[in-house]
Structures are given as C-alpha cells and as structure tokens.
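Trainee: Taken in order, these protein sequences are the chains called A and B.
If you count the first sequence from 1, you need to add 791 to reach the numbering used here.
If you count the second sequence from 1, you need to add 2 to reach the numbering used here.
These are calculated hints, taken from the structure and not from any lab test.
The reader is advised that the hints may include incorrect statements.
To be verified - Cβ-Cβ distance ranges computed for the label pairs, FRET-style:
(1) A:Q796 to B:A46: 29 to 37 Å
(2) B:H9 to A:D906: 14 to 22 Å
(3) A:K842 to B:D67: 20 to 28 Å
(4) B:S11 to A:S940: 35 to 43 Å
(5) B:S11 to A:M792: 55 to 63 Å
(6) A:S850 to B:A17: 35 to 43 Å
(7) B:S11 to A:S808: 55 to 63 Å
Where is the CB? At the ideal position from N, CA and C, for every residue including glycine.
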Amino acid sequence: MARAQAGDHQAFAQLYSLHKRRIYSLCLRMVGNIAEAEDLTQEAFLQLHRKIATFRGDSAFSTWLHRLAINVVLMQLRKKGLSLISLDEAMEPTPEEGPGRSFGAPDLTLTGAIDRLALERAVADLPAGYRLIFILHDVEGFEHNEIASMLDCSIGNSKSQLHKARLKLRDALRKHLPQEAQP
Amino acid sequence: MNPAPDHLSCAEFQARLAEMIGSGANVAAHPHIQQCELCRAFLADLEAIAQAARELFPAVEPPDDLWENIETAIKKGK
C-alpha cells in the first residue's frame, strides 16, 4: 500500500489484481451492462490512482475503494439523468395495471421457489433507480441511512423505493412460475 | 378521516405499504397483517426475494484487456 501511495506502478498493478474482481462485479450489479461496467471499473481505478495518496487508513482500504467505486457509478447515473423522484412518479400504476395486480395469494407464494437466474434477470430489468437501491441494500448490505446519504434522499424514500423494487421483482418472478401455478 | 386500519381491503393495504414502510411503521404489527393470510403471504414473498438477493451475483472477473486500458490512461494522464 505504501509503495502504491508513493507512486510505484507495480504496486498499483498489484492492488488492481487484488480488487478488480470485487469492483468490476459491483459496477456490473449496479448498472447491469457489461460495457458500462468495464468503463466504470476503469474510471474507478483511475480515480484510485489519483486519490490513493489521500487514503489515511481510517477505514479498511477495501471499504474505502468500495465507496469510491459506488460514487463513480452514482456520478455516472446522475449524468444520465437518474432521478429517484422522477422514477418514483414514473412507476405509478397505469389504469390497465391497476393497484392490485400483484396481490399475494397463499397458493402462489414464492418462498423456497425463487430461481436465481430468473431473479438476476429480473434485477437487471429493473429501472435504474430501483435496481440501485435493491443492490445497495439487499445485495451489498448497506443500511437505509447510508443509502440515503449516498443518494441524497430521505431514509423514508430509500425504504419505500426498496419496497417498490421488491414488488417489481415479485411481479417479474410470478411471470416465471410454472404454468399450473398461474392464477 | 381514514377508515380503521383493520377495515382496509387487501388492495388498499398493499397500495399503502410503500408509504407505511417509508414512514418506518411496523408493518408486521399492523392489524390487517395480523388478520390476513393473503397479505402475510405477500410480505413473505418480498422477504424471500430479499433473502435470495444475498445469494445473487457471484463475483466475476473483468476482461483481461481492462488493465491495459487503465495503464494506457494512467500514462496519458501523466
């Protein structure tokens, strides 16, 4: 670490080797697109190269780098016009869908029957804002107060967006239930 | 004034859930949930999705040429 901070290129290459998998996977989860994930991973490591001398060791290096990469992704999503509020409004149910389209029915519960690939596909298909909160909370394990601070939104907004994201996923997964289980 | 919460239909209850969760309400203790098997199953589905998410997305390797791109960009920046 000290060598990388002092500008040793080989040491920086070693840091890349150690952390590339985790950072690339994080970017891929957050944006759901391979080409974008590669660009964002590159930008995260370029920022790391510029900022590594400022790392003081107050937190674990991997945590610090993880946060740096999340900020790179968020900055990119904001540039693309991601707005949690506008997404929220866009997700209001249309008259055709109706508010009750996703009712749970006791004989249709998903518990124990969630297909991982179907869930991964459904997550990739989520609108960007919902995917972001779902990944940060349910996959990466951040708390709502941390997400609210990262996304500059209220804790309540983070909680309700997460609920709506799970709701969208449930709707998507129910479409993949075996035919005989369909309502 | 809102009707008593235990008189909510399932449609009304589920439509209000996002707002209730956002406000920090204890949904599991809500009178409707206490009485309604269908909505308990609905919440169990959402919890199952959250549980399954923890198993999602195994870490993957970036392509080999990504480091070359990063190295080139670092050299250009110097």
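Trainee: H9 of chain B and D906 of chain A, beta-carbon distance inside 14 to 22 Å?
Mentor: violated (37 Å)
Trainee: Hint says 35 to 43 Å; check whether the CB-CB distance for S850 of chain A and A17 of chain B agrees.
Mentor: At 41 Å between Cβs, range holds.
Trainee: Taking 20 to 28 Å as the hint, is the beta-carbon distance of K842 of chain A and D67 of chain B inside that range?
Mentor: The hinted range 20 to 28 Å holds for K842 of chain A and D67 of chain B, with Cβ atoms some 24 Å apart.
Trainee: Quick one: are S11 of chain B and S808 of chain A within 55 to 63 Å, going by C-beta?
Mentor: holds (57 Å)
Trainee: Verify the CB-CB distance for S11 of chain B and S940 of chain A against the hinted window 35 to 43 Å.
Mentor: holds (37 Å)
Trainee: Is the hinted range of 55 to 63 Å satisfied by the C-beta distance from S11 of chain B to M792 of chain A?
Mentor: holds (59 Å)
Trainee: Using the beta carbons of Q796 of chain A and A46 of chain B, state whether their distance is inside 29 to 37 Å or not.
Mentor: violated (49 Å)
Against the hints set out earlier in the document, violations occur for numbers 1 and 2.
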